[in-house]
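Engineer: Sequence:
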Amino acid sequence: MSVNVDGVDYTGKWRVMTGSVIVYFANEIKFAPHGANRPEQIARWLLTDLCKKIESRKRKGIKR
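For this note's numbering, add 4 to where a residue sits in the sequence shown, where the first one is 1.
Rather than coming from a laboratory, the hints here were simulated on the basis of the structure. Among the hints, a few may not be true.
[Stated by the list, open to error] Calculated pairs, DSS-like style, for lysine-lysine (alpha carbon to alpha carbon, straight line, at most 25 Å):
#, residue 1, residue 2
1, K62, K17
2, K57, K17
3, K62, K34
4, K34, K64
5, K56, K17
6, K34, K57
7, K17, K34
8, K34, K56
[Claimed, not checked] Ranges of calculated distance between the beta carbons of each label pair, as one might list FRET restraints:
#, residue 1, residue 2, range
9, R19, R63, 27 to 33 Å
10, P37, T15, 21 to 27 Å
11, G65, V20, 31 to 37 Å
12, H38, K62, 25 to 31 Å
13, A40, G65, 18 to 24 Å
14, T22, K62, 30 to 36 Å
15, G11, R61, 14 to 20 Å
16, G65, P37, 31 to 37 Å
17, T22, K64, 31 to 37 Å
18, A36, E59, 28 to 34 Å
19, E59, T22, 20 to 26 Å
Quick caveat, the model's predicted, so the values are computed rather than measured. Glycine included, every Cβ here is placed at the ideal spot set by N, Cα and C.
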């Protein structure tokens, strides 16, 4: 799956397991229940959130 954040394309992986969507990107993992929502949409939101989090760390010079 790919998302575009501030003009930059990011690609991550995701899967659905026991009612939760799990997203993997740049050594980070984020998960959330999908409930009645489409798992693909939840995965896209989670990937976007991870990308913004990592870009924020880069700007601040924080290493993890």
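Engineer: Hint by hint, note whether the structure agrees.
Structural biologist: Outcome of the hint check:
1. K62 x K17: holds, 21 Å
2. K57 x K17: holds, 16 Å
3. K62 x K34: Holds, at roughly 19 Å.
4. K34 x K64: Distance of about 21 Å is within 25 Å: holds.
5. K56 x K17: holds, 16 Å
6. K34 x K57: Distance ~11 Å between K34 and K57 Cα, so the pair holds.
7. K17 x K34: Cα-Cα ~11 Å, so holds.
8. K34 x K56: holds, 13 Å
9. R19 x R63: 27 to 33 Å: Roughly 30 Å apart at Cβ, these two residues keep to the hinted range, so it holds.
10. P37 x T15: 21 to 27 Å: Since the Cβ atoms of P37 and T15 sit about 24 Å apart, the hinted range of 21 to 27 Å holds.
11. G65 x V20: 31 to 37 Å: holds, 35 Å
12. H38 x K62: 25 to 31 Å: holds, 29 Å
13. A40 x G65: 18 to 24 Å: At 41 Å between Cβs, range violated.
14. T22 x K62: 30 to 36 Å: holds, 33 Å
15. G11 x R61: 14 to 20 Å: holds, 19 Å
16. G65 x P37: 31 to 37 Å: Holds: the Cβ-Cβ distance is about 34 Å, inside 31 to 37 Å.
17. T22 x K64: 31 to 37 Å: Given about 35 Å between the Cβ atoms, the range holds.
18. A36 x E59: 28 to 34 Å: violated, 20 Å
19. E59 x T22: 20 to 26 Å: 30 Å Cβ-Cβ, so the 20 to 26 Å window is violated.
When held up to the earlier numbered hints, the structure conflicts with 13, 18 and 19 and fits the remainder.
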